[in-house]
Amino acid sequence: MKTLNKKNIIGILVASVGILLFLSISGCFVSEKVAAKGGAQLWAENCQRCHNMPSPSTFSPDQWETVGLHMQTRAQLTTPERDKIVEFLKQ
Amino acid sequence: MKSTFKILTMGLTTLMVTFLVETGFAQQAPTAQDTLMDRITALEQQAFIQKRGEDHFMLAGLTTFGLVTNKTVNTLGGVRTTTRTSSFGNADTYEFSPMLLWRHGDKFLMEFEPAFSNDGLGVNWADVSYFAAPGLIIRGGYMVIPFGLYNKRLAAGWIDKLATDPIGLDIPASADYGFEVMGGLPLGDMKWSYDVGVFNGMQLLPDGELQGAGITDNNINKTFSGRIAILPLSNSALELGVSALSGKVGDEGSAYTASRANMYAFDLNFIQPVKPFSVNIKGQYNIMNVDRANYVNPNDNTQSYSYNNHSTSGFGQISLRPAFLNNTLKNFELTYRYASSITPVMSAWGQNQTQSTMGLAYWINWRTVLKVSREIVNTNSTVNPAITPYTGISNSNSWYLQFSIQL
Numbered sequence: 001m002k003t004l005n006k007k008n009i010i011g012i013l014v015a016s017v018g019i020l021l022f023l024s025i026s027g028c029f030v031s032e033k034v035a036a037k038g039g040a041q042l043w044a045e046n047c048q049r050c051h052n053m054p055s056p057s058t059f060s061p062d063q064w065e066t067v068g069l070h071m072q073t074r075a076q077l078t079t080p081e082r083d084k085i086v087e088f089l090k091q
Numbered sequence: 001m002k003s004t005f006k007i008l009t010m011g012l013t014t015l016m017v018t019f020l021v022e023t024g025f026a027q028q029a030p031t032a033q034d035t036l037m038d039r040i041t042a043l044e045q046q047a048f049i050q051k052r053g054e055d056h057f058m059l060a061g062l063t064t065f066g067l068v069t070n071k072t073v074n075t076l077g078g079v080r081t082t083t084r085t086s087s088f089g090n091a092d093t094y095e096f097s098p099m100l101l102w103r104h105g106d107k108f109l110m111e112f113e114p115a116f117s118n119d120g121l122g123v124n125w126a127d128v129s130y131f132a133a134p135g136l137i138i139r140g141g142y143m144v145i146p147f148g149l150y151n152k153r154l155a156a157g158w159i160d161k162l163a164t165d166p167i168g169l170d171i172p173a174s175a176d177y178g179f180e181v182m183g184g185l186p187l188g189d190m191k192w193s194y195d196v197g198v199f200n201g202m203q204l205l206p207d208g209e210l211q212g213a214g215i216t217d218n219n220i221n222k223t224f225s226g227r228i229a230i231l232p233l234s235n236s237a238l239e240l241g242v243s244a245l246s247g248k249v250g251d252e253g254s255a256y257t258a259s260r261a262n263m264y265a266f267d268l269n270f271i272q273p274v275k276p277f278s279v280n281i282k283g284q285y286n287i288m289n290v291d292r293a294n295y296v297n298p299n300d301n302t303q304s305y306s307y308n309n310h311s312t313s314g315f316g317q318i319s320l321r322p323a324f325l326n327n328t329l330k331n332f333e334l335t336y337r338y339a340s341s342i343t344p345v346m347s348a349w350g351q352n353q354t355q356s357t358m359g360l361a362y363w364i365n366w367r368t369v370l371k372v373s374r375e376i377v378n379t380n381s382t383v384n385p386a387i388t389p390y391t392g393i394s395n396s397n398s399w400y401l402q403f404s405i406q407l
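If you read the sequences in order, they're chains A and B. Going letter by letter, the first sequence gives residues 1 to 91 in our numbering. Going letter by letter, the second sequence gives residues 1 to 407 in our numbering.
By construction, these hints were calculated from the structure, which means they are not laboratory data. Check the hints yourself; a few may be wrong.
In silico DSSO-like cross-links for lysine-lysine, where the CA-CA straight-line distance does not exceed 30 angstroms [said to hold, decoys possible]:
| # | chain 1 | residue 1 | chain 2 | residue 2 |
| --- | --- | --- | --- | --- |
| 1 | A | Lys90 | A | Lys33 |
| 2 | B | Lys71 | A | Lys90 |
| 3 | A | Lys37 | B | Lys330 |
| 4 | A | Lys37 | B | Lys275 |
| 5 | B | Lys107 | A | Lys33 |
| 6 | B | Lys71 | A | Lys84 |
| 7 | B | Lys330 | A | Lys84 |
| 8 | B | Lys222 | A | Lys90 |
| 9 | B | Lys107 | A | Lys84 |
| 10 | B | Lys222 | A | Lys33 |
| 11 | B | Lys330 | B | Lys275 |
| 12 | B | Lys107 | A | Lys37 |
Counterexamples of contact, computed for chain B against chain A with all Cβ distances above 12 angstroms [to be verified]:
| # | residue |
| --- | --- |
| 13 | Thr81 |
| 14 | Phe116 |
| 15 | Ser254 |
| 16 | Ile318 |
| 17 | Ala348 |
| 18 | Ile387 |
From the three backbone atoms N, C-alpha and C, an ideal C-beta is built for every residue, glycine too.
Can you build the whole structure from these sequences, using the hints too?
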C-alpha cells in the first residue's frame with residue numbers, strides 16, 4: 001500500500017471507472033429482471049440498506065420529488081430507481 | 001280624462017312591476033350557463049393558487065438528545081485514578097440540525113444543514129448539485145467527502161443504531177470544500193456507483209497530525225478523493241466499496257511542502273432476512289499514511305524526532321431486528337459493534353484504542369428511535385515520552401440513553 005503514489009491511485013480509479021463505464025455502455029445496461037422492478041420493490045430493497053423504509057405518508061408529492069434528489073446524491077441510486085421510488089412514494 | 005289617466009297609470013304600474021319582477025327573478029335565479037361560468041372562474045382561481053412552480057423549498061433535519069454516564073479508570077505508574085461523569089448531551093448525544101433543501105426544477109438541488117451541538121454552531125454541509133444526466137451528478141460547495149461509507153450514509157442519529165460513532169473515522173475530515181461528480185449505473189443484474197472529487201484537503205500540524213485545511217487551502221495542491229462501489233446482487237442487498245484519497249498536506253513554502261497523505265478505505269453493507277429477523281452487517285476499514293518527516297521537538301527546538309506516520313481504524317457491526325414478527329418486538333433492534341483505532345507509535349498522539357458497543361434500539365416509527373447503548377473503550381498510550389507525557393492505560397465505561405428523530 002505504501003508504495004502507491006497519487007498517480008497510481010488516480011490511475012487505478014480512472015481505469016476502474018473506465019472499465020465499469022465500458023461494461024455499462026457495451027450492452028449490459030440493465031437486465032430485464034431489474035428493469036421490470038416496480039417502485040415498491042425498489043423502495044424496499046434500497047432504503048433499508050441504510051435506514052428504515054420511509055412511509056409514503058411522510059411527505060407531500062412535491063416534497064418526495066425533492067427528497068428523491070437528495071437521496072440520489074446520498075445513496076447513488078440510478079435515475080430510473082429514483083424515479084420509480086418517488087412515483088411510488090407520491091401515491 | 002280621469003278614467004283615461006287611471007288606465008294609463010295602471011298600465012305603467014303593471015309594466016314597471018313586470019319589469020322589476022323579471023329583473024329581480026333573473027338576479028335571484030341565474031341560468032345554468034351563469035352557474036357554470038362562476039364555477040369555472042372559481043376553479044381557475046384555485047388552480048392558479050395551487051400551480052406548481054419550478055422552485056420548491058423544504059425544511060427537514062434531525063435532532064438527537066440523550067444522557068450519558070461514564071466511569072473511566074486510568075492506570076499510570078501503578079496508580080489507579082477513577083473519574084465519573086453524568087451529562088445530558090455531549091458531542092455524540094446532542095445535535096440539532098435543521099436541513100434546508102431547495103429544488104429548482106428537476107436539475108438543481110441546494111442542501112444546507114447547519115448544526116448546533118456540543119461543539120457550538122457549525123455547518124454539516126452547504127452544497128449545490130446539478131443532475132446533468134442519468135448517472136451523472138455534479139456537485140460543488142462544502143460537502144461530505146467521498147471516502148468510506150459511514151460519514152456519508154450512516155452517521156445521522158436517526159440512522160445510527162447505536163448512540164455513538166465508531167472511533168477513528170474523523171480522519172480524513174468528513175466534510176470539505178470542493179467539487180465532485182457521482183452517479184449510480186446499472187450493470188446487468190448488478191449496479192455500481194462512483195463518487196470522485198477534488199477538495200482543499202488536509203493540513204499537516206507541527207506534530208504530524210492532520211486537520212481539515214478549511215475554506216482557505218494551506219497549499220496550492222488539491223486533494224483527490226473517490227469511492228467506487230459495486231452492488232453485485234440483483235436485490236441490492238450487498239454493497240462493497242473501495243475508497244482512496246491522496247493530496248499534499250504541508251503548508252506552502254514550509255519544510256513539509258512535499259509531504260503527502262495517502263489514504264484508503266474498504267467498506268461493506270449487507271442486509272439479509274433470516275426470518276423472523278432482518279440481519280444487517282456493516283463495516284469499514286481505513287488506512288492512513290503520511291510521508292515520513294522530521295518534526296521539531298516542542299520541548300527542545302534544537303532537536304527533532306520522526307516516526308512512521310501510519311494509522312488504521314475500522315469497525316464491524318451486526319444488528320438483528322425481528323422485523324417479520326407481527327407484534328411489538330418487531331420494533332426492537334439489537335446491535336453490536338467493535339471498532340479499533342491505532343495512531344502512530346512514538347508520535348505525540350500515539351495510542352491503541354478499542355471500542356466495544358452493544359445497544360438496543362426501539363423504533364417508535366421509521367425515523368424516530370429511542371436507544372440504550374453500553375460502550376467500553378480501552379486506550380493504551382503509545383506516545384513518544386520525550387515529546388508528550390505518557391498517559392498510561394485507561395478503561396472507559398459508558399451508558400447512553402438517546403432519542404433521535406428526523407423531521
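Hint check results:
Distance check on the hinted pair: A:Lys90 and A:Lys33 sit about 24 angstroms apart at the alpha-carbon level, within 30 angstroms; holds. A distance of roughly 49 angstroms separates the Cα atoms of B:Lys71 and A:Lys90; the hinted pair therefore is violated under the 30 angstroms criterion. Taken as a hint, the A:Lys37 and B:Lys330 pair is honoured in the structure, with Cα atoms around 27 angstroms apart against an allowance of 30 angstroms. Under the criterion of a C-alpha separation no larger than 30 angstroms, the hint pairing A:Lys37 with B:Lys275 is consistent with the structure, at around 23 angstroms.
Restraint check for B:Lys107 and A:Lys33: satisfied, since their Cα atoms lie roughly 29 angstroms apart, inside the 30 angstroms limit. The hinted pair formed by B:Lys71 and A:Lys84 fails the criterion: a straight-line CA distance of about 50 angstroms is larger than 30 angstroms. Restraint check: the Cα-Cα separation between B:Lys330 and A:Lys84 comes to about 28 angstroms, which is no more than 30 angstroms; the hinted pair holds. For the suggested pair B:Lys222 and A:Lys90, the alpha carbons sit about 42 angstroms apart, so the restraint of at most 30 angstroms is broken.
A C-alpha spacing of about 17 angstroms is found between B:Lys107 and A:Lys84, which places the hinted pair at or below 30 angstroms, so the restraint holds. Pair hint B:Lys222 plus A:Lys33 does not hold up; C-alpha atoms about 42 angstroms apart against a cutoff of 30 angstroms. Proposed proximity of B:Lys330 and B:Lys275 is supported: the alpha carbons are some 12 angstroms apart, at most 30 angstroms. Among the hinted pairs, B:Lys107 with A:Lys37 is consistent with the structure: their alpha-carbon atoms are about 25 angstroms apart, no more than 30 angstroms.
Interface exclusion of B:Thr81 from chain A stands, the closest Cβ pair being 39 angstroms apart, more than 12 angstroms. Here B:Phe116 stays apart from chain A, with its beta-carbon at least about 21 angstroms from theirs, past the 12 angstroms limit. With a least CB separation of 19 angstroms from chain A, B:Ser254 remains clear of the 12 angstroms interface cut-off, as annotated. The claim that B:Ile318 is not at the interface with chain A holds, since no C-beta of that chain comes within 12 angstroms of its own (minimum 15 angstroms).
Interface exclusion of B:Ala348 from chain A stands, the closest Cβ pair being 22 angstroms apart, more than 12 angstroms. In this structure B:Ile387 is separated from chain A by more than 12 angstroms, as the shortest Cβ-Cβ distance comes to about 24 angstroms.
When the structure is compared with the earlier hints, violations turn up for hints 2, 6, 8 and 10 and for no others.
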